[in-house]
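Residue numbers (the numbering used here), protein chains in the order written: chain A, 240 to 409; chain B, -2 to 142; chain C, 1142 to 1286.
Because the hints were derived from the structure by calculation, they are not lab data. Watch out, some of these pointers could steer you wrong.
Below, simulated DSBU-like cross-link-like pairs (lysine-lysine); rule was C-alpha separation at most 30 Å, straight line [what the hints assert, rightly or not]:
#1 A:K300 with C:K1146
#2 A:K295 with C:K1236
#3 B:K2 with B:K132
#4 C:K1224 with A:K295
#5 C:K1224 with A:K261
#6 C:K1196 with A:K295
#7 A:K395 with C:K1236
#8 A:K395 with C:K1224
#9 A:K300 with C:K1196
To give an idea of the chain A side of the interface with chain B (calculated C-beta under 10 Å), a few residues [unchecked claim]:
#10 K273
#11 Y293
#12 P314
#13 P329
#14 P331
#15 D332
Remember, it's a predicted structure, so these values are computed and weren't measured experimentally. Where is the CB? At the ideal position from N, CA and C, for every residue including glycine.
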Amino acid sequence: MATQSRLTPAMKAEVNKPPVTKVSPPISLSDIRKWAIAVYWPETPPRLFWDEEYAKTTRFKGIVAPQEFNPFAWPVRRDREFEAGGNPPPNPDGTFTRTVGNANVNAGSDHEYGAYMRPGDIITAVDRLAEIYEKTGGRGGNMVFRVREDRWTNQKGEMVKINRGTTINM
Amino acid sequence: MGTPKVYWEDVKVGQEIPTFVRRTDYMNWNRYAAINEEFVYFHMDDEAGRAAGQKAGFGMGNLRFAYMHDLLREWIGDEGVIKMVSAQYRGFNFKNDVLTTKGVVTDKRVEGGEHLVDLDLQVVNQSGENTAPGKATVALPTRGK
Amino acid sequence: MGTPKVYWEDVKVGQQIPPFVRRTDFMNWNRYAAVNEEFVYIHMDDEGGRGAGQKAAFGMGNLRLSYAHNLLRDWIGEEGDIKHISIQYRGFNFKNDVLTTRGVVTDKRVEGDKHLVDLDLSVVNQEGVNNAPGRATVVLPSRGK
């Protein structure tokens, strides 16, 4: 039985939309420290991420951020799509509508790294939809894959990261 | 200087100030935990809430304390100053509770050149239970200067 | 310069690097949500997880991505660099899962002046399920320079 395509012309046209550019606030020591604590929890994170005196003795000559650090967290103005994480908030009565059949899932990450991020750096991200395609899932329904390519540079113009993230709408 | 939202002269004892309302769940509690580093299992996990003798996970008192500050700031605007806030956490804040934070003016006075207003505060849930009584003092701009 | 933890010359294809192990629950997920601003009901509330068709709330893939970075950083030390990492999120991370993040060396090569090592990564839970296969390339210091 042929499965009906879920890819509409409007969805396919998303690939041609101009990229979205975002500029981070300056990266703070405190944000780097909190990131390191969170991802190493419950153990003490490496000194390179929180001890400036120690970090000065390394080849980095100062604190750097863990490479997967995200300086774009906590924007003041809300992006609705991000707010819901692609998944809906509860109904007014507190129940959750079942999203099976229309849920967005984080399917994978692919990061290529260049310059390390440091306190004071301002990162510019240029994010675009690189690919949209569909595959038939194990239960027969079609899943829509979106691959976004997000290129980060620092204030010196150095490449910091190229992030290709895949989400599945299933 | 901005334009004052409320002048001391216009405040009346017994007056209710506009309420501050939030429906709360893990979204509110975890965001508050994130910035106050208040990651406590009974605020994060229904099982832990039950282990603490409650019906489920529950919110932190500190968030209600912040709501009291929000209430006062929205009333006094940027030209007023919060001088004192005190609160007692007497009831639990469970998921999907609608919390209405209220203030009633109990006194107005001038002290050391400051034009002060005292208020009684409460954080009332949808069942009408006052989960957090409190008090506050704010300094307001005056028309006299 | 610090002392390298591992030199390129000493790495063998097929070698397993020391694993990075974490037992995870709402503490880990909410702390990660706090720094990545990833507050999503499926990760915070068992009812939110059931709304998405799972047995309960579950952790975010991105935390496993960080664990993969931690694994590599612990092995290569500060004299090595992670150049590339990719990971797929295939399984769910439920409360109290013990996640063991592993790496196996699949290749070593020299490109330009860079001494590279390729690895296969896995994040295996206590039932032996690999819920996040991945790959990485790291740059290591060489004894030759």
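Outcome of the hint check:
no.	hint	verdict
1	A:K300 with C:K1146	18 Å, holds
2	A:K295 with C:K1236	39 Å, violated
3	B:K2 with B:K132	21 Å, holds
4	C:K1224 with A:K295	23 Å, holds
5	C:K1224 with A:K261	24 Å, holds
6	C:K1196 with A:K295	48 Å, violated
7	A:K395 with C:K1236	42 Å, violated
8	A:K395 with C:K1224	20 Å, holds
9	A:K300 with C:K1196	47 Å, violated
10	K273	8 Å, holds
11	Y293	23 Å, violated
12	P314	13 Å, violated
13	P329	7 Å, holds
14	P331	8 Å, holds
15	D332	8 Å, holds
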